[in-house]
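Protein chains: 2
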Amino acid sequence: MTTSMTASGPLPYKTIGRLSQYRRLLGLRLAMGQRNVYSHELAAFAGVTAAQVRRDLMIVGAKGSPTKGYDVHALIECLGGVLDDPAGQRAALVGIGNLGRALLTYFHGRRPKLSIVAAFDVDAAKTDRVICGCRCYTMDKLAEVVVAEKITVGILTVPASEAQHVAAELEAAGVSGLLNFAPQPLRVGPHTYAEDLDMTMTLERVAYFARRNR
Amino acid sequence: MTTSMTASGPLPYKTIGRLSQYRRLLGLRLAMGQRNVYSHELAAFAGVTAAQVRRDLMIVGAKGSPTKGYDVHALIECLGGVLDDPAGQRAALVGIGNLGRALLTYFHGRRPKLSIVAAFDVDAAKTDRVICGCRCYTMDKLAEVVVAEKITVGILTVPASEAQHVAAELEAAGVSGLLNFAPQPLRVGPHTYAEDLDMTMTLERVAYFARRNR
Numbered sequence: 001m002t003t004s005m006t007a008s009g010p011l012p013y014k015t016i017g018r019l020s021q022y023r024r025l026l027g028l029r030l031a032m033g034q035r036n037v038y039s040h041e042l043a044a045f046a047g048v049t050a051a052q053v054r055r056d057l058m059i060v061g062a063k064g065s066p067t068k069g070y071d072v073h074a075l076i077e078c079l080g081g082v083l084d085d086p087a088g089q090r091a092a093l094v095g096i097g098n099l100g101r102a103l104l105t106y107f108h109g110r111r112p113k114l115s116i117v118a119a120f121d122v123d124a125a126k127t128d129r130v131i132c133g134c135r136c137y138t139m140d141k142l143a144e145v146v147v148a149e150k151i152t153v154g155i156l157t158v159p160a161s162e163a164q165h166v167a168a169e170l171e172a173a174g175v176s177g178l179l180n181f182a183p184q185p186l187r188v189g190p191h192t193y194a195e196d197l198d199m200t201m202t203l204e205r206v207a208y209f210a211r212r213n214r
Numbered sequence: 001m002t003t004s005m006t007a008s009g010p011l012p013y014k015t016i017g018r019l020s021q022y023r024r025l026l027g028l029r030l031a032m033g034q035r036n037v038y039s040h041e042l043a044a045f046a047g048v049t050a051a052q053v054r055r056d057l058m059i060v061g062a063k064g065s066p067t068k069g070y071d072v073h074a075l076i077e078c079l080g081g082v083l084d085d086p087a088g089q090r091a092a093l094v095g096i097g098n099l100g101r102a103l104l105t106y107f108h109g110r111r112p113k114l115s116i117v118a119a120f121d122v123d124a125a126k127t128d129r130v131i132c133g134c135r136c137y138t139m140d141k142l143a144e145v146v147v148a149e150k151i152t153v154g155i156l157t158v159p160a161s162e163a164q165h166v167a168a169e170l171e172a173a174g175v176s177g178l179l180n181f182a183p184q185p186l187r188v189g190p191h192t193y194a195e196d197l198d199m200t201m202t203l204e205r206v207a208y209f210a211r212r213n214r
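Chains as they are written, first to last, in the working numbering: chain A, 1 to 214; chain B, 1 to 214.
Each hint should be verified, as a subset may be incorrect.
With a Cα cut of at most 30 Å, we get these calculated DSS-like pairs of lysine-lysine [what the hints assert, rightly or not]:
| hint | chain 1 | residue 1 | chain 2 | residue 2 |
| --- | --- | --- | --- | --- |
| 1 | B | Lys14 | A | Lys14 |
| 2 | A | Lys150 | A | Lys113 |
| 3 | A | Lys126 | A | Lys68 |
| 4 | B | Lys126 | A | Lys126 |
| 5 | B | Lys68 | B | Lys14 |
| 6 | A | Lys126 | A | Lys141 |
Honestly, the hints are just simulated from the structure, not real lab data.
All chains, please: the whole structure from these sequences, using the hints.
This is how it looks when you write it as C-alpha cells:
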C-alpha cells in the first residue's frame with residue numbers, strides 16, 4: 001500500500017469528503033475488532049456505489065482483494081497518509097459563543113493529527129481560561145498566537161458582521177484554510193481555502209423539501 | 001410580484017440555498033433602512049454572478065428595474081412565499097448534548113415561520129425542562145409529540161450509532177425533512193428529504209486544502 005500517487009496534486013473536493021467518511025467507518029470497525037472490510041460496506045456507509053469506493057481507494061494507492069476486501073488497519077494508515085499532515089495541523093476557533101463552545105467540545109480529541117489549540121473572543125470575560133484543553137485569548141492576541149502556535153486552520157463562529165474581517169486577520173497571520181459557520185459567505189485570497197457551513201440556509205432548505213415531499 | 005411560477009414544482013437544491021442567502025442579506029438591508037437593492041449587491045453577498053441572481057429572482061417571479069433594482073420589502077415577501085410555509089413549520093431536535101443545546105440557542109427566534117418546538121433525549125436528566133422556549137422530552141414521547149405538535153422537520157444531534165434508528169422513528173411519526181449532524185449518512189424513504197451536515201468531514205477537508213494552498 002502506497003500513497004505516492006497522491007503527491008502529484010490535490011485530490012478533488014468530493015473525493016476528500018468520501019475518504020474522510022471511509023476513515024470514520026474504518027475506525028468504528030477497528031474498534032469492533034474487525035480486520036477486513038469490503039468496498040460494498042464502505043459504499044453503504046457513505047451512500048455511494050462500491051465501484052466509486054474502489055476507484056477512490058485505487059487513487060490513494062490502497063490495494064484490496066476480491067475475496068478478503070481491504071485490510072482495515074492498513075487502509076486507515078493509507079487514508080491518514082492523504083488526509084493528515086504527518087506533523088499534525090493546528091486550528092484556532094474565533095467566537096466563543098454557544099456554538100463555538102459546542103464545537104470546542106465536539107472536536108476535542110476527535111483527530112490526533114488535527115487539534116484546536118486556541119480560541120479567541122472580543123469579550124475578555126470569555127477568555128483567559130481553558131475549555132476542553134483549549135486556551136482562550138482576547139482578539140488582540142490573534143496574530144501573535146496564530147504565528148507562535150503555527151496555526152493553519154481557522155474556524156469562524158462569529159456574527160455575520162464580523163466574519164469577513166476576522167477571516168482577513170487569520171489569513172494575514174498565516175492561516176490557509178477556513179471553516180466558516182457565520183451566516184456570511186467569505187471572500188478570501190487565492191492561497192486560502194474557505195468553506196461555508198451555513199446552518200440556517202441548510203435548515204431552510206430541509207424545511208422547503210420537507211414540504212415538497214409531504 | 002408574484003410567486004405563481006413556483007407552484008409548478010420544487011426548485012433545485014442550489015437555487016433554494018441561494019434564495020435563503022438573498023433573504024438573509026435583504027433582512028440586514030431592511031434593518032438598515034435600505035429600500036432598494038441591486039442584483040450585483042446580492043451577487044457579491046452570495047458569491048455568484050449578478051446574472052445568476054437575476055435568473056433566480058425571475059424564476060420566483062420577482063420583478064426589478066435596471067435603475068432602481070429590487071424593492072427590498074417586496075423581495076423579502078416574494079422569497080418568503082417560496083421558502084416559508086404560510087402556516088409555519090415546526091421542527092424537533094433529537095440529542096440534547098453540547099451541540100444540540102447550542103443549536104437550540106442558535107436557531108431560537110431566527111425564522112418566524114420555522115421554529116424548533118420540541119427536543120428529545122434518552123437521558124431523563126436532560127428533559128422535562130425548557131431550553132430557549134423549547135420543551136424537552138424523553139425519547140419515549142417522540143411519536144406522540146411529533147404528531148400532536150404537527151412537526152415535519154427533524155434535526156439530529158445524536159451519536160452516529162443512534163442516527164439511523166432515530167431518523168426512522170421520526171419518519172414513521174410523520175417527519176418528512178431531516179437535518180443530520182450525526183457523523184453517519186442517513187438512509188431514508190422516497191418521501192423524506194435528508195441532508196447530512198458532517199462537521200468533522202468538512203473540517204478534515206478544510207485542513208487538507210489548507211495544506212495544499214500553503
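Quick rundown of the hints versus the structure:
For a cut-off of 30 Å, the pair hint linking B:Lys14 to A:Lys14 stands: about 16 Å separates their Cα positions. The suggested pairing of A:Lys150 with A:Lys113 holds, with an alpha-carbon distance near 14 Å, which does not exceed 30 Å. For the proposed pair A:Lys126 and A:Lys68, the alpha carbon gap of about 53 Å is over 30 Å, so the pair is violated. In summary, the hint linking B:Lys126 to A:Lys126 is supported, as the alpha carbons are separated by about 25 Å, within the 30 Å threshold.
The suggested pairing of B:Lys68 with B:Lys14 holds, with an alpha-carbon distance near 27 Å, which does not exceed 30 Å. Taking the CA atoms of A:Lys126 and A:Lys141, the gap is about 14 Å. The hint holds against a cut of 30 Å.
In the structure shown, a violation is registered for the earlier hint numbered 3 alone.
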